[in-house]
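Here are the chains, one letter per residue:
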Amino acid sequence: MSFALEAEGLVKTYGAVRALDGLSLSIPAGGVFGVLGPNGAGKSTLFRIALGLVRPTGGTARLFGAPAGQSSSLRRAGAMIETPRYPPYLTAREVLRMLALESGAGGSADIDYWLERVGLGGAADRKAGTFSVGMKQRLGLAAAFFTRPELVILDEPTSGMDPAGIQEIRALIRDLADKEGVTIILASHQLDEVRRVCDRVAILSKGKLAAEGDVEALTGGKPRLRLTVSPIDKALAVLGDKGQADGANAVLADVLRAETPALIRALVEAGVEITEARWREADLESAYLGALEPKDLVDAR
Amino acid sequence: MLADAIAAERFRLSRDRASLFWGFAFAPLITMAFSIAMDMFARAVLHRTIPGETTDLANRAMGAAAGASGPFTALFLLIGAAAIFAGDYRWETWRLITPRNSRVNLLAAKLIVFAEVAAWSLLLTALTAVVAGLFGAMANHARLVGPPAGPAFISQYAGVALVTWLEVLLVGALGALIGVLTRSTMGAVIAGLVIVFVQSTLAATVQAATWKSLLIPAFAGRVLKTFVIAPPEMRTDAGQAGLALVFLLVWLVALTGGALALFRRQDLTKE
Numbered sequence: 000m001s002f003a004l005e006a007e008g009l010v011k012t013y014g015a016v017r018a019l020d021g022l023s024l025s026i027p028a029g030g031v032f033g034v035l036g037p038n039g040a041g042k043s044t045l046f047r048i049a050l051g052l053v054r055p056t057g058g059t060a061r062l063f064g065a066p067a068g069q070s071s072s073l074r075r076a077g078a079m080i081e082t083p084r085y086p087p088y089l090t091a092r093e094v095l096r097m098l099a100l101e102s103g104a105g106g107s108a109d110i111d112y113w114l115e116r117v118g119l120g121g122a123a124d125r126k127a128g129t130f131s132v133g134m135k136q137r138l139g140l141a142a143a144f145f146t147r148p149e150l151v152i153l154d155e156p157t158s159g160m161d162p163a164g165i166q167e168i169r170a171l172i173r174d175l176a177d178k179e180g181v182t183i184i185l186a187s188h189q190l191d192e193v194r195r196v197c198d199r200v201a202i203l204s205k206g207k208l209a210a211e212g213d214v215e216a217l218t219g220g221k222p223r224l225r226l227t228v229s230p231i232d233k234a235l236a237v238l239g240d241k242g243q244a245d246g247a248n249a250v251l252a253d254v255l256r257a258e259t260p261a262l263i264r265a266l267v268e269a270g271v272e273i274t275e276a277r278w279r280e281a282d283l284e285s286a287y288l289g290a291l292e293p294k295d296l297v298d299a300r
Numbered sequence: 000m001l002a003d004a005i006a007a008e009r010f011r012l013s014r015d016r017a018s019l020f021w022g023f024a025f026a027p028l029i030t031m032a033f034s035i036a037m038d039m040f041a042r043a044v045l046h047r048t049i050p051g052e053t054t055d056l057a058n059r060a061m062g063a064a065a066g067a068s069g070p071f072t073a074l075f076l077l078i079g080a081a082a083i084f085a086g087d088y089r090w091e092t093w094r095l096i097t098p099r100n101s102r103v104n105l106l107a108a109k110l111i112v113f114a115e116v117a118a119w120s121l122l123l124t125a126l127t128a129v130v131a132g133l134f135g136a137m138a139n140h141a142r143l144v145g146p147p148a149g150p151a152f153i154s155q156y157a158g159v160a161l162v163t164w165l166e167v168l169l170v171g172a173l174g175a176l177i178g179v180l181t182r183s184t185m186g187a188v189i190a191g192l193v194i195v196f197v198q199s200t201l202a203a204t205v206q207a208a209t210w211k212s213l214l215i216p217a218f219a220g221r222v223l224k225t226f227v228i229a230p231p232e233m234r235t236d237a238g239q240a241g242l243a244l245v246f247l248l249v250w251l252v253a254l255t256g257g258a259l260a261l262f263r264r265q266d267l268t269k270e
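First to last, the protein sequences are chains S and B. Numbers 0 to 300, taken from numbering that gives the first Met the number 0, label the letters of the first sequence in order. Numbers 0 to 270, taken from numbering that gives the first Met the number 0, label the letters of the second sequence in order.
Hints listed in this document are in silico derivations from the structure and should not be mistaken for laboratory results. Any given hint could be a false lead.
Here's a subset of chain B near chain S, in silico, CB distances under 8 angstroms, partners left out [to be verified]:
(1) 6
(2) 7
(3) 92
Here a beta-carbon is modelled for each residue, glycine too, at the ideal position from N, C-alpha and C.
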């Protein structure tokens, strides 16, 4: 398996603050990889090291197998780190023209196509400094994608966008990963966005890897039926290996929707009282909160 | 590649018209405007011309080029240098640019583009001096004369312009180093101006050309220009001029090297 980004024992300190604390993580090439974590977990620092913006205090980071920050590997990557900013005297088209020249893409970069694709076709000749946050994000996305890199790192790509824009950008990300084979690493605070868009997820906490896996595996995959029951041991006996306790008086049943009437009938016939039954969708939030220590959550607030 | 970074920087500066104007065009233009205004004032007040007055346009151009590294011009050059070297900290745009080329190329491109624009600015200085001279000659009915040096003027002018250009590059390199160090356009202008003013004041008080005094760039520049302009039979010690040139180059290498070394290792967390 080839890896787009690898971190091994990565440490970064800013004075007394340890932004990354021996982080080891391998992000495979292909698909969309989500990076989650509370504020200060080290997501942006990881990205900045990968892009050569900051130097690690210890450990190694590799981009496509080469030390992070090297021009040869950076040419294969595009990025949008935090809210992008632009020189106020450049229009959106000129920003992309400047970046195309900078990266050696020159005339081969399809600037107008990408401005249209991120919904800025009508604002191409407006000064980028006058853009709203959402428009700046869109231009940042065009800047990340327009040289057709193999890897794109996106830090909160949809923050500041309206709901329609968010949907549009999510579709664009998924489309680029599925149809054009671009590897996308995405950091987001929106768990729903990560669940919808990403194939795999890593959860960072205090500069370390707290959990990693397929989104389906982390969320438990398909939806499950949650039943509030009494007594719970009798319910678990009826459910057998399809049931799992969820607290003191509830069970999670791994059944199909069509099996629900039969299951409820069986529980009632076994003398189990059911006070509530509802379907629980695949839940990344539980996986996220479960991976973090309670103190992380307090610190992050 | 460096060529890509230079093309990008050139493109970008061509769009930053405010920095181009204030940094590289304002000083020559205001000097010309002031000269024209003085000629008009003198004509209006005196109501007569000075009999036998002559105007040597070539020497005016050379004088303007020789003086284009003084503190007044340096102030505006530092504004241009700050926009070029510290603009990406001010606009927080390093994170947009740095992943697309090597850091050495990015800063080297800025230095090269500054050197280019500074050369154009020196040319503009000479042209505006000629325009102001022509206007003065017309206003005062002065006779236009050629330079006393004759054809040798061309090499003298080229020598003076090169030395001034070297001094201007030092101002740019100073702006680069301070800009990277302070990550601030204002810091680059103010700290740079203080340094330029102090060394110009020191240079004005120095008379003897010793190795210590030649370490002051403004003094080294003056010694070099005097050497270039003086007729061969009146030239001072060539060794002093050579040492002055070496010191100016050492300063340039030290300042640009310092800026490059610092920028290569700098963490761009919050620009």
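Does the CB of residue 7/B sit less than 8 angstroms away from some CB of chain S? 4 angstroms, holds
Does the nearest C-beta of chain S fall within a distance shorter than 8 angstroms of the C-beta of residue 6/B? OK, holds: residue 6/B within 8 angstroms of chain S, min 5 angstroms.
Can the hint on residue 92/B be confirmed by a CB-to-CB distance to chain S that is less than 8 angstroms? OK, holds: residue 92/B within 8 angstroms of chain S, min 6 angstroms.
Against the hints set out earlier in the document, no violation occurs for any number.
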